[in-house]
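Given these sequences and hints, build the entire structure.
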Amino acid sequence: MSSLPEPSAAALAQSARLLESVAAEIDTAGGWIPFSRYMELALYAPGLGYYSGGARKFGPGGDFITAPELTPLFGQALAAQLEQVMRASAAQVIEVGAGTGLLAADLLLELERRGCLPEQYGILELSGELRARQADTLMHKAPRLAARVHWLEALPERFSGAVVANEVLDVMPVHLLVSRADGLFERGVACAAEGAGDPRLCWADVPAAGAVRAAAQALALPAPAGGEYVTELNLAGRAWVAAWAERLQTGAMLLIDYGYPRAEYYLPSRASGTLLCYYRHHAHGDPFLWPGLNDITAFVDFTAVAEAGFEAGLDVQGYTTQARFLFNCGVLQCLERRGPREGADYIRAARAVQRLTAPQEMGELFKVLALGRGLDGPLLGFAGGDRVHAL
Numbered sequence: 001m002s003s004l005p006e007p008s009a010a011a012l013a014q015s016a017r018l019l020e021s022v023a024a025e026i027d028t029a030g031g032w033i034p035f036s037r038y039m040e041l042a043l044y045a046p047g048l049g050y051y052s053g054g055a056r057k058f059g060p061g062g063d064f065i066t067a068p069e070l071t072p073l074f075g076q077a078l079a080a081q082l083e084q085v086m087r088a089s090a091a092q093v094i095e096v097g098a099g100t101g102l103l104a105a106d107l108l109l110e111l112e113r114r115g116c117l118p119e120q121y122g123i124l125e126l127s128g129e130l131r132a133r134q135a136d137t138l139m140h141k142a143p144r145l146a147a148r149v150h151w152l153e154a155l156p157e158r159f160s161g162a163v164v165a166n167e168v169l170d171v172m173p174v175h176l177l178v179s180r181a182d183g184l185f186e187r188g189v190a191c192a193a194e195g196a197g198d199p200r201l202c203w204a205d206v207p208a209a210g211a212v213r214a215a216a217q218a219l220a221l222p223a224p225a226g227g228e229y230v231t232e233l234n235l236a237g238r239a240w241v242a243a244w245a246e247r248l249q250t251g252a253m254l255l256i257d258y259g260y261p262r263a264e265y266y267l268p269s270r271a272s273g274t275l276l277c278y279y280r281h282h283a284h285g286d287p288f289l290w291p292g293l294n295d296i297t298a299f300v301d302f303t304a305v306a307e308a309g310f311e312a313g314l315d316v317q318g319y320t321t322q323a324r325f326l327f328n329c330g331v332l333q334c335l336e337r338r339g340p341r342e343g344a345d346y347i348r349a350a351r352a353v354q355r356l357t358a359p360q361e362m363g364e365l366f367k368v369l370a371l372g373r374g375l376d377g378p379l380l381g382f383a384g385g386d387r388v389h390a391l
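Residues 1 to 391, numbered by the UniProt record's numbering, are exactly what the sequence shown covers, in order.
What the hints contain is simulated information worked out from the structure, not anything from laboratory work.
Here the structure is a predicted model, which is why all the values come from computation and not from measurement.
Cβ coordinates follow ideal geometry from the N, Cα and C atoms, glycine included.
A portion of the hints provided could be inaccurate.
Stated by the list, open to error - When the alpha-carbon atoms are kept at most 20 Å apart in a straight line, the in silico SDA-like pairs for lysine to any residue are as follows: (1) LYS141 x VAL168; (2) LYS141 x LEU4; (3) LYS141 x VAL230; (4) LYS141 x ARG114; (5) LYS141 x LEU117.
To be verified - Pairwise CB distance ranges (calculated): (6) ASP345 x ALA192: 25 to 35 Å; (7) ALA358 x SER269: 20 to 30 Å; (8) LEU4 x PRO268: 24 to 34 Å; (9) GLN333 x GLU364: 14 to 24 Å; (10) ALA147 x VAL206: 50 to 60 Å; (11) ALA242 x GLY128: 21 to 31 Å; (12) CYS202 x GLN333: 24 to 34 Å; (13) VAL388 x LEU12: 40 to 50 Å; (14) GLN333 x ALA24: 53 to 63 Å; (15) HIS140 x LEU4: 25 to 35 Å; (16) ALA181 x MET139: 53 to 63 Å; (17) LEU12 x GLU129: 29 to 39 Å.
Here you go:
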């Protein structure tokens, strides 16, 4: 980890407070908590977690860059799909986890150009710091449309329209599974013996039990003769989709994230799982390093997400790569509006589109899954290259 930039003294102090809180919870729980609980605290503990604290997360000055940070063309293409969903359901949008607010601004501006503005644009955001940034972004980029935006603290009781979740499922707390020759275990977090006031976290395995064991057994994980097979189980994501299914009357959810269908997710060769941490554009594998200062993510099992929606009564309306989705939604036509091809603006935008769509960049790794209810006919974004059969 020597290549990582050192946090500031204030950031380290905040991390130390979170570490003390985690250690206290481990002690209260009898010496062990599941990794899902640790991940929840590290990301969302009030005032101390990565997404609930005040650290800058997105863009060149943060820890990672998302598609809306690369170019407004991402939102402009996505708007074509939102228009189709809204015209078939209701003129409402909810964006879950809106980051800096750039996607919201880009979508609203493009939907205005298309003559299909939502009556309301809701943002479901847990972070007060990000809410403030989102409001500032909207006032700067789309001031005449900012009044259409409102913020939510919980899922609505009922909803019709379009739901957008870009890079949300990957930061939902996951359980860690360990398959060995001697059985199936859940990997959690304990405190190693340290001096008072200086807790140190460590891994600890217990036999998998309850809902975790039942879900893990259904996966038929590889059981190596020697060593171990480690992977993730996102029960929170399944529950979240089921909760939306209870509320979505007509419309569709568009879930955009990096991940695989189940047959690719649990390959024997992927024996160390997909868990990753991000700090200042550096990826690393130690989730115990500076708790609260790192993003912690896991790839998405899109088969599990689709199953959760289908079992809760939603239709699986499409699944494809980000590249195919954006091409289907007209990202190249949006690019042509940027002016002469020899111009600097067009060249910058074309490079951004390449990052969004190239197989070696985000084009194949990122997928788009649509779950809906009450919509007739195929969705625009899946008109070509639909991979539902691979789920």
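Now the hints, each set against the structure:
1. Taking the CA atoms of LYS141 and VAL168, the gap is about 23 Å. The hint is violated against a cut of 20 Å.
2. For the suggested pair LYS141 and LEU4, the alpha carbons sit about 33 Å apart, so the restraint of at most 20 Å is broken.
3. Our distance criterion of 20 Å between C-alpha atoms is broken by LYS141 and VAL230, whose separation comes to about 44 Å.
4. Taken as a hint, the LYS141 and ARG114 pair is honoured in the structure, with Cα atoms around 17 Å apart against an allowance of 20 Å.
5. Restraint check for LYS141 and LEU117: the C-alpha separation of about 16 Å stays at or below 20 Å, so the hint holds.
6. ASP345 and ALA192 have their C-beta atoms about 54 Å apart, which leaves the hinted 25 to 35 Å range violated.
7. In this structure, ALA358 and SER269 meet the distance hint of 20 to 30 Å, their C-beta atoms being roughly 24 Å apart.
8. For the hinted restraint 24 to 34 Å between LEU4 and PRO268, the CB-CB distance of approximately 31 Å keeps it satisfied.
9. The hint said 14 to 24 Å for the Cβ distance between GLN333 and GLU364, and at roughly 22 Å that hint holds.
10. Distance hint for ALA147 and VAL206: a CB-CB separation of about 52 Å, consistent with the stated range 50 to 60 Å.
11. Look at ALA242 against GLY128: about 27 Å separates their beta carbons, and that is inside 21 to 31 Å.
12. Between CYS202 and GLN333 the CB atoms are about 53 Å apart, so this pair departs from the stated range of 24 to 34 Å.
13. The hinted window of 40 to 50 Å between VAL388 and LEU12 holds, with their beta carbons roughly 47 Å apart.
14. Distance hint check for GLN333 and ALA24: the Cβ-Cβ separation is about 55 Å, which falls inside the suggested range of 53 to 63 Å.
15. Checking the proposed 25 to 35 Å range against HIS140 and LEU4 shows it holds: the Cβ atoms sit about 32 Å from each other.
16. Between ALA181 and MET139 the beta carbon distance is about 59 Å. The supplied range of 53 to 63 Å therefore holds.
17. Range check, LEU12 to GLU129: Cβ separation about 19 Å, and the 29 to 39 Å hint is violated.
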